[in-house]
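Protein chains: 2
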Amino acid sequence: MKQTERHRETRNSLVPLFEPDSVAVVGSFREGRPGGYRVIKNLLAFGFQGQVYPVNPLYNTVFDRKVYPSIREVTQSIDLAVVITSAQVVPEIIGHCVEKKVKAAIIVSDGFAEKDEQGARLQQEVVRIARGSGLRLLGPNTIGVVNPYVGLITSQYGVLYDKIRTGSIALCAQTGLIGPSTMPFEDMQYGISKICDFGNKCDINEIDLLEYLVKDPKTKVIALHLEDIRDGRSFLEKVKEVVSKKPVLVLKPGRTKESRKALASHTGSLAGEDHIYDSAFKQAGVIRVNTYKELFDLAKIFAYQPLPAGNRVAIITMTGGGGVMAIDAAVESGLVLAELSPETRERLAKISPWLASNPLDLGPAAVVVDNFFSHYEEIVEAVSTDRNVDCAAIVFSGVPRVLDTQMFARLKTKISKPVAFWIYGPKLSLTEEFVRNLENQGFPAYLDCEPAIKALGAAFKYSRIKSRFSPAEEEP
Amino acid sequence: MKQTERHRETRNSLVPLFEPDSVAVVGSFREGRPGGYRVIKNLLAFGFQGQVYPVNPLYNTVFDRKVYPSIREVTQSIDLAVVITSAQVVPEIIGHCVEKKVKAAIIVSDGFAEKDEQGARLQQEVVRIARGSGLRLLGPNTIGVVNPYVGLITSQYGVLYDKIRTGSIALCAQTGLIGPSTMPFEDMQYGISKICDFGNKCDINEIDLLEYLVKDPKTKVIALHLEDIRDGRSFLEKVKEVVSKKPVLVLKPGRTKESRKALASHTGSLAGEDHIYDSAFKQAGVIRVNTYKELFDLAKIFAYQPLPAGNRVAIITMTGGGGVMAIDAAVESGLVLAELSPETRERLAKISPWLASNPLDLGPAAVVVDNFFSHYEEIVEAVSTDRNVDCAAIVFSGVPRVLDTQMFARLKTKISKPVAFWIYGPKLSLTEEFVRNLENQGFPAYLDCEPAIKALGAAFKYSRIKSRFSPAEEEP
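Chains A and B are the protein sequences, given in the same order. Just so you know, the first sequence maps onto residues -11 to 464 in the numbering used here. Just so you know, the second sequence maps onto residues -11 to 464 in the numbering used here.
Hints listed in this document are in silico derivations from the structure and should not be mistaken for laboratory results. Treat the hints with care, as some may be off.
If chains are identical, the list can't say which one is meant, so a pair holds when it fits in one copy or spans any two.
Below, simulated BS3-like cross-link-like pairs (lysine-lysine); rule was C-alpha separation at most 30 Å, straight line [what the hints assert, rightly or not]: (1) Lys449 <-> Lys281; (2) Lys233 <-> Lys449; (3) Lys415 <-> Lys206; (4) Lys415 <-> Lys208; (5) Lys415 <-> Lys400; (6) Lys249 <-> Lys338; (7) Lys245 <-> Lys449; (8) Lys402 <-> Lys206; (9) Lys449 <-> Lys402; (10) Lys103 <-> Lys338; (11) Lys281 <-> Lys454; (12) Lys415 <-> Lys29; (13) Lys281 <-> Lys228; (14) Lys281 <-> Lys203; (15) Lys208 <-> Lys402; (16) Lys206 <-> Lys151.
Produce the complete structure using the sequences and hints provided.
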């Protein structure tokens, strides 16, 4: 469907989708199965602050709430309807939504264009019913949205936790893999502004999302997984506008002809050659990532850290071997090794003559200097605030040590350049805890070398993109 | 140092290093600092089965054991000495080892060639003292070795656990990062045959290790991190011999000129251009990996799984999106999508008409077929044993489900082809537990898509290498 065929809307049109005052849930309330029951359960667990109206003619109550036989029977106004019924009855329910002047509907149900010809016709019918009514549709075949700021969650699956940390990362994907029942958002603890699964994109698509998210004050970085792009030209135009304000990361599967074939049947749309996407992305200022993990790994540096002024990286490590690996990753990510200023070298030499180069390997000094880690804060500060350094990668072991959380909190206030951590150690639980502590202090941290460095590289890359696409400053 | 300059030894020469009956530990027994105290503590915790002789003229007892003033005062024979003293006294101690006819010494101390000219001269002196005596030297500047089969560990650092699972992966690195105090071997739970940190390689190097490990009945796969290769020709000759029997994975940092410069000062040897290594590795049948994580990720498939007969992969997934990402990774790893046989398609169609293609997306069938997961075992078996399938990648969610551990144990006995898992889920602890359970059943499992698929690709690649380097079968 071309953008021109669709009713264009402003950001406000997606407000009922992400920030509804009231949600109707149309589905089965049978316990223990995916469906409406779990949606209500999840909404209650996540502390949704608006009204919730369960809808199903076969039930009287669920979670001690009145169940309405039809959306039309709800007397109050409804911002958002979550529809989880068999595909066949979806057109009728969407008809009720139009009648009731519901503002947005998430069609969770599958069995539409992703399934077969008959499903595609059903999907067209649904679109036809909503057209011109002002009702916006997400899906079908979607897990829906999450907005942790208001406790909104529309997943019909078990989630195993009750909270997603609020923050500034918007994650939008054309797969249910993005959902809170498949990603350990609580354990990862990084802050989310919005989550959205596009599903079949019968109405709301990536362009609408960009329009909404660029103006969303909670969102600082937009991470997109896109299986297809319906209207490439409009998408790229919109991206160019967005990247002057916020970074856009895109994972676009379909790098091989085999995966494009699967995509064609999966999304019901033809996928173009990968190199066309690749060069269009470059031109438009998209930062392309290659793996699902990278989408998350790179997003978080933008959430936590300022942009670097240049690409000169300092590496602080506990082992020479770790430093060398970090150099390879840095150079391959577009960074160069910073040359420490004479002042910094002098400051470090006072602690130990072994502290002189970049990468700064602390290992040799650590075994000879008494109480070495009492100098750690000073070392990190000296290197990270050096005028010749634009960003820093810190390699450290996640074992109980003299380093305290307060130290990193203090460092955060002193360092105005991006810093990323590679944390390793003998005990996974301790390493993960250290990572979470660092991230709570605003430092992105990783269990491997390459993502930490790639994140710094992406921050530099975006700093260039941002200035390229920002409107030229007026001359005085 | 050229291989020709060294005394050539057979595998047996490293037996005292990895399988000693008795270990002398020469170092400080001051509590709570890195050093001899921790080595003894670790040896006791890991349950070392041989004799342990603490050596230091300043102590009488440690852990209720007699401390000997000198190695020469130990009346029993000593297989291995672990030396953790200041660099200056190492020559004297190595002299004592020669006198006492100690068979191998690990020089943990740093301050040798990796430090400065003076250290390099000290290192030469140590080598000179040992030369011709039959005493083999590991290091200096090494954390030493681990052999979990006999509880041998020589790390001077805190380890935070008391066990490394025995298995068939040999990990050798030119960095202390390989050590049990930096890697979560217990949590990762994959089976180790030997761990070795080469350190400065004043004597024992990668060629000696290959010679030993190719004959080591416990080792099935050899994973090497090499910062330099002293004698490239001999190394490649040895590799060609080894890969006809066991896979050799190599991580060789120094892909960029910046990292090669750091390596030169770090290892004290000149590093060659990367493309030379790259083509030599290809020619010799080395499987090269690019990240530290990959060294571990790819090693484990060889430990757990048989080699595939070909490169036709089947993908079983819970989401279409996951399937598409897996295809990209598969094709980029040298695999092709298997075409399921008519018999398998028929068998699957009996469960649900939606089960027909590869990738086999179970999602649509799972929501409509009652008690769908009771068919899971049959589905995995049908696909994995299909005559058109050489290997399988299984994408699954690590949440509590109807799937039981017994099921995977049964599947392991039925499937004689390599299978790797990508496990994701909403709770990190459960996902990690699922991964460990799978690996306990002999299935390598990963928290991301790409490593799971790359591991299958590496297994296929090695199956080709193995047949290329195996001596031709005689005609009947």
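Status of the hints after comparison with the structure:
1. Lys449 <-> Lys281: both (19 Å within a copy, 25 Å between copies)
2. Lys233 <-> Lys449: within (14 Å within a copy, 45 Å between copies)
3. Lys415 <-> Lys206: Cα proximity of Lys415 and Lys206: across copies only (25 Å, versus 35 Å in one copy).
4. Lys415 <-> Lys208: between (33 Å within a copy, 26 Å between copies)
5. Lys415 <-> Lys400: both (26 Å within a copy, 29 Å between copies)
6. Lys249 <-> Lys338: between (62 Å within a copy, 26 Å between copies)
7. Lys245 <-> Lys449: Close inside one copy (29 Å) and across copies (21 Å); limit 30 Å.
8. Lys402 <-> Lys206: within (25 Å within a copy, 52 Å between copies)
9. Lys449 <-> Lys402: Within one copy only: 24 Å inside a chain, 50 Å across chains, cut-off 30 Å.
10. Lys103 <-> Lys338: The answer is between: 19 Å across copies meets 30 Å, while 69 Å in one copy does not.
11. Lys281 <-> Lys454: within (24 Å within a copy, 32 Å between copies)
12. Lys415 <-> Lys29: Close across copies (18 Å), not inside one copy (35 Å); limit 30 Å.
13. Lys281 <-> Lys228: Within. Shortest intra-copy distance 25 Å satisfies the 30 Å Cα cut-off; inter-copy 35 Å does not.
14. Lys281 <-> Lys203: Within one copy only: 26 Å inside, 39 Å across.
15. Lys208 <-> Lys402: within (22 Å within a copy, 50 Å between copies)
16. Lys206 <-> Lys151: Answer is within: at 17 Å inside a copy they meet the 30 Å cutoff, but 46 Å across does not.
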